[in-house]
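Student: Chains A and B, in that order, give the protein sequences.
Here the first sequence is numbered in our numbering, starting from 10 and rising by one per residue.
Here the second sequence is numbered in our numbering, starting from 10 and rising by one per residue.
Because the hints were derived from the structure by calculation, they are not lab data.
You may find that some hints are simply not true.
One-sided and incomplete, this derived list gives chain B residues near chain A with beta-carbon spacing under 7 angstroms [said to hold, decoys possible]:
| # | residue |
| --- | --- |
| 1 | E50 |
| 2 | F55 |
| 3 | V105 |
| 4 | S168 |
| 5 | I171 |
| 6 | K325 |
| 7 | F327 |
| 8 | D375 |
| 9 | T392 |
Predicted model only: the values in this text are computed from it and were never measured.
Every residue, glycine too, gets a C-beta built ideally from N, C-alpha and C.
2 protein chains.
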Amino acid sequence: MKSINTSKISGAQELLPETQAIFNNLKTNIANTYRLYGFQEIETPFIERTEILLAKAGGDTEKQIYKLVKTGDKSIESADQALRFDHTVPLARYVVEHESELIFPFKVSQLGTNFRGERAQKGRFREFCQCDIDIIGRNELPIAYDAEVIATLLATFKSFNIDTPVLARISNRKITTGLLEFLDQADKVSEIMNIIDHAEKVTPEQTKFSLEELGLDKNTVNIINSFIGLHGNRSSVIDELNNLEIDNATFRKGVDELDQILYLLESINLKEQIQADMKIVRGLDYYTGTVFEFILPDYPNIGSVAGGGRYENLTKHFSEQSFPGVGGSIGLTRLFYVLNEEKLLNPDVYDLLDYAIIPVSEHEFDEAISVATKLRDKGHSTTVVFTNKKFNDKMSYASKLAKNGVVIGEEEVKTKALKQKNFQTGETTELNIEVVSNPEDFWGNE
Amino acid sequence: MKSINTSKISGAQELLPETQAIFNNLKTNIANTYRLYGFQEIETPFIERTEILLAKAGGDTEKQIYKLVKTGDKSIESADQALRFDHTVPLARYVVEHESELIFPFKVSQLGTNFRGERAQKGRFREFCQCDIDIIGRNELPIAYDAEVIATLLATFKSFNIDTPVLARISNRKITTGLLEFLDQADKVSEIMNIIDHAEKVTPEQTKFSLEELGLDKNTVNIINSFIGLHGNRSSVIDELNNLEIDNATFRKGVDELDQILYLLESINLKEQIQADMKIVRGLDYYTGTVFEFILPDYPNIGSVAGGGRYENLTKHFSEQSFPGVGGSIGLTRLFYVLNEEKLLNPDVYDLLDYAIIPVSEHEFDEAISVATKLRDKGHSTTVVFTNKKFNDKMSYASKLAKNGVVIGEEEVKTKALKQKNFQTGETTELNIEVVSNPEDFWGNE
Numbered sequence: 010m011k012s013i014n015t016s017k018i019s020g021a022q023e024l025l026p027e028t029q030a031i032f033n034n035l036k037t038n039i040a041n042t043y044r045l046y047g048f049q050e051i052e053t054p055f056i057e058r059t060e061i062l063l064a065k066a067g068g069d070t071e072k073q074i075y076k077l078v079k080t081g082d083k084s085i086e087s088a089d090q091a092l093r094f095d096h097t098v099p100l101a102r103y104v105v106e107h108e109s110e111l112i113f114p115f116k117v118s119q120l121g122t123n124f125r126g127e128r129a130q131k132g133r134f135r136e137f138c139q140c141d142i143d144i145i146g147r148n149e150l151p152i153a154y155d156a157e158v159i160a161t162l163l164a165t166f167k168s169f170n171i172d173t174p175v176l177a178r179i180s181n182r183k184i185t186t187g188l189l190e191f192l193d194q195a196d197k198v199s200e201i202m203n204i205i206d207h208a209e210k211v212t213p214e215q216t217k218f219s220l221e222e223l224g225l226d227k228n229t230v231n232i233i234n235s236f237i238g239l240h241g242n243r244s245s246v247i248d249e250l251n252n253l254e255i256d257n258a259t260f261r262k263g264v265d266e267l268d269q270i271l272y273l274l275e276s277i278n279l280k281e282q283i284q285a286d287m288k289i290v291r292g293l294d295y296y297t298g299t300v301f302e303f304i305l306p307d308y309p310n311i312g313s314v315a316g317g318g319r320y321e322n323l324t325k326h327f328s329e330q331s332f333p334g335v336g337g338s339i340g341l342t343r344l345f346y347v348l349n350e351e352k353l354l355n356p357d358v359y360d361l362l363d364y365a366i367i368p369v370s371e372h373e374f375d376e377a378i379s380v381a382t383k384l385r386d387k388g389h390s391t392t393v394v395f396t397n398k399k400f401n402d403k404m405s406y407a408s409k410l411a412k413n414g415v416v417i418g419e420e421e422v423k424t425k426a427l428k429q430k431n432f433q434t435g436e437t438t439e440l441n442i443e444v445v446s447n448p449e450d451f452w453g454n455e
Numbered sequence: 010m011k012s013i014n015t016s017k018i019s020g021a022q023e024l025l026p027e028t029q030a031i032f033n034n035l036k037t038n039i040a041n042t043y044r045l046y047g048f049q050e051i052e053t054p055f056i057e058r059t060e061i062l063l064a065k066a067g068g069d070t071e072k073q074i075y076k077l078v079k080t081g082d083k084s085i086e087s088a089d090q091a092l093r094f095d096h097t098v099p100l101a102r103y104v105v106e107h108e109s110e111l112i113f114p115f116k117v118s119q120l121g122t123n124f125r126g127e128r129a130q131k132g133r134f135r136e137f138c139q140c141d142i143d144i145i146g147r148n149e150l151p152i153a154y155d156a157e158v159i160a161t162l163l164a165t166f167k168s169f170n171i172d173t174p175v176l177a178r179i180s181n182r183k184i185t186t187g188l189l190e191f192l193d194q195a196d197k198v199s200e201i202m203n204i205i206d207h208a209e210k211v212t213p214e215q216t217k218f219s220l221e222e223l224g225l226d227k228n229t230v231n232i233i234n235s236f237i238g239l240h241g242n243r244s245s246v247i248d249e250l251n252n253l254e255i256d257n258a259t260f261r262k263g264v265d266e267l268d269q270i271l272y273l274l275e276s277i278n279l280k281e282q283i284q285a286d287m288k289i290v291r292g293l294d295y296y297t298g299t300v301f302e303f304i305l306p307d308y309p310n311i312g313s314v315a316g317g318g319r320y321e322n323l324t325k326h327f328s329e330q331s332f333p334g335v336g337g338s339i340g341l342t343r344l345f346y347v348l349n350e351e352k353l354l355n356p357d358v359y360d361l362l363d364y365a366i367i368p369v370s371e372h373e374f375d376e377a378i379s380v381a382t383k384l385r386d387k388g389h390s391t392t393v394v395f396t397n398k399k400f401n402d403k404m405s406y407a408s409k410l411a412k413n414g415v416v417i418g419e420e421e422v423k424t425k426a427l428k429q430k431n432f433q434t435g436e437t438t439e440l441n442i443e444v445v446s447n448p449e450d451f452w453g454n455e
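Take these sequences, add in the hints, and give me the full structure.
Tutor: Written as structure tokens, this is what we have:
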């Protein structure tokens, strides 16, 4: 009977109401936890000037930007507005624009949809909800804030109440960079970081081979290889790093920063949820210190479910002033998708309505809406079944939407004695609600 | 120091965190009230296939559609995706696509951003948040649902707690159409509706003149003119409509429907918040029965703050099946803008954080984050001031963000006796929180 293709576009999420409620519940948990940890929420526009987005974007990101044209616009080239592809670029613009009105360090959260014209494939999205936190300093930002970001994200995952542990894998790019400088590979930092970033997607032999291909000698390759194998709790990893005796200031600074973060996180009983791990470097050159990725260790195929790190200067493309920051992001649409695939979502958060009021006929419509209003005024979510259907059909409809049904017929209008039926148990109990009768029976007068 | 224009695009909203919190509070009230009244929330993608959007759009709307192009796309003409301009078209697609999985009548809410490339001017937005409710029937939908939609929107405005009354002005297009048929003007219904819709923006003489320009005789013009002057409560307006003795079935059906809606709304004590008003016709031909607009009577310049009505068939462009519906919408971005302009928003809904923890030096960072974690675990929103600033600067920062400050110095770490300072009153009281000390003082060992 359809006269047109009514499927959603590929690469977007579209859920039925029951599933949407579970998604929204996760998002509410994120917003509440971010707030609990002292972050202030902002929203920037979805549409930005193209020049703002292109100031940072590069390579694949630039190719994925959706430009906007209105009817009447002459050519694509003249399109000077586009959809944001992340929260970071708009945040940088926001901070520069509103600097004098903000209080630094600025602890900010952004929960909203971003857009990338990626090739559509399973589990990849073109429009997706990302939930970011960032702490932005003016000129300086103590390293302890990096621990705050990780603690906030761990608390957020705890609020999801999913039945599997979460692990934050933490490193510091200064450690990796310092080591490579010490090994006389300063000119190949980017390439080597890239190989380390992919190390878990290939065999150890392939990683070694890739490093050798860069022209590194066997000894250097072996050192890097054992370095990226380092992972564990604070005491073991910091000791092992110190034992490497790398005489490089950047390396030592990185180890010290990592040590401080791990110390703070362990001091608030997060020891089981964190791990130092030298394989974590994050793909983006953007990060300059702390880097972290969250995984669900029992579901290795899912990969990273959150990530972030420290950056030298949020606004370098927009201002000469320095705004160092640390941030983290949960890609909610993807997270929801994988949790759903793995059956890790709790369907119980989808709450049926508290009440459905079922008038037997039109004659009880006024009484029904009146009872509904009283229940709503008391905070009970309530619907009224006004449909012209057989009684059993109305009850069946009501039982799909609500926990309790209240039938209102002639008798109930007369006596004001209401009963509520619990649809799950079948039990019927008295409904104690003061029902004021209406002097006029409109529907009876038709 | 800026190297690029960092202002937001024109026609978009961008708020500081304190103001964003007030906006978000309104949105949360809307979501909660819609839920309380039994609506289920869905989200459709921002991006739709252009053919879906163009199936309904026409005239100005079509011109305002933002089409999307990716780098590499050859021409604007080939752009087959665009941003949605309202929630109705995506909802129609959604209902057709998911029909077999939905329960009808489907009470659905949508809160989200829509996009229109309008000419930028004060108070007009190109991206704006709209909060819609709709009740969709399959083949039939009793008129009582129209009352439910209006009652829900009135409850939503009540939840805003703004210090000015709200009035729902209600009519039914069948009344107007039936009258015009009776007056032998069936062929000019659209044009006359349009003149009625604009009647409040011009003088009565101009309205008469416009009607005469259509070729209507003086008597007809006078009848229409006194008709559109009818407004008031149920008993007066229904009586006056009946007294017109219009022998037309459409007219009588419209009066009957309006009567039923007003009756139900008056039966739940909304008499003061509603008014029958024959000037309400709504601009869109889309509506076929009930039409309504909400205003703030003390602020006539603001105009309509919500509106909606009954439509014959939501999905007529996409399916041969009939889905009659009734819906209403609050244009939140515009509403927020005008309430803000009129100083009707309550700034108190912006809550400071409960606590700011202020470690005197790095030596107390662990104790500070530990106290913060305990407060957060108890549900108190808390931040920690890790900055390397003078003590007074840290206190000043804390007092801008939080209601209470807790200073942690050497003494507090030793004695575990914590005090909280209420920044507003200056009062200092004991903070009763069990603080477990950490055996190791990392920061002291540096």
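Student: A separate judgement is required for each hint: does it hold in the structure or not?
Tutor: Okay, the hints, checked on the actual structure:
1. E50: Holds, about 6 angstroms.
2. F55: 6 angstroms, holds
3. V105: With Cβ-Cβ at 5 angstroms, under 7 angstroms, it holds.
4. S168: Violated: closest Cβ of chain A sits about 11 angstroms from S168 of chain B, beyond 7 angstroms.
5. I171: 19 angstroms, violated
6. K325: At about 9 angstroms, which exceeds the 7 angstroms cut-off, the nearest Cβ of chain A leaves the hint on K325 of chain B violated.
7. F327: 5 angstroms, holds
8. D375: 4 angstroms, holds
9. T392: 3 angstroms, holds
Violated hints, in rising order: 4, 5 and 6; the structure is consistent with all others.
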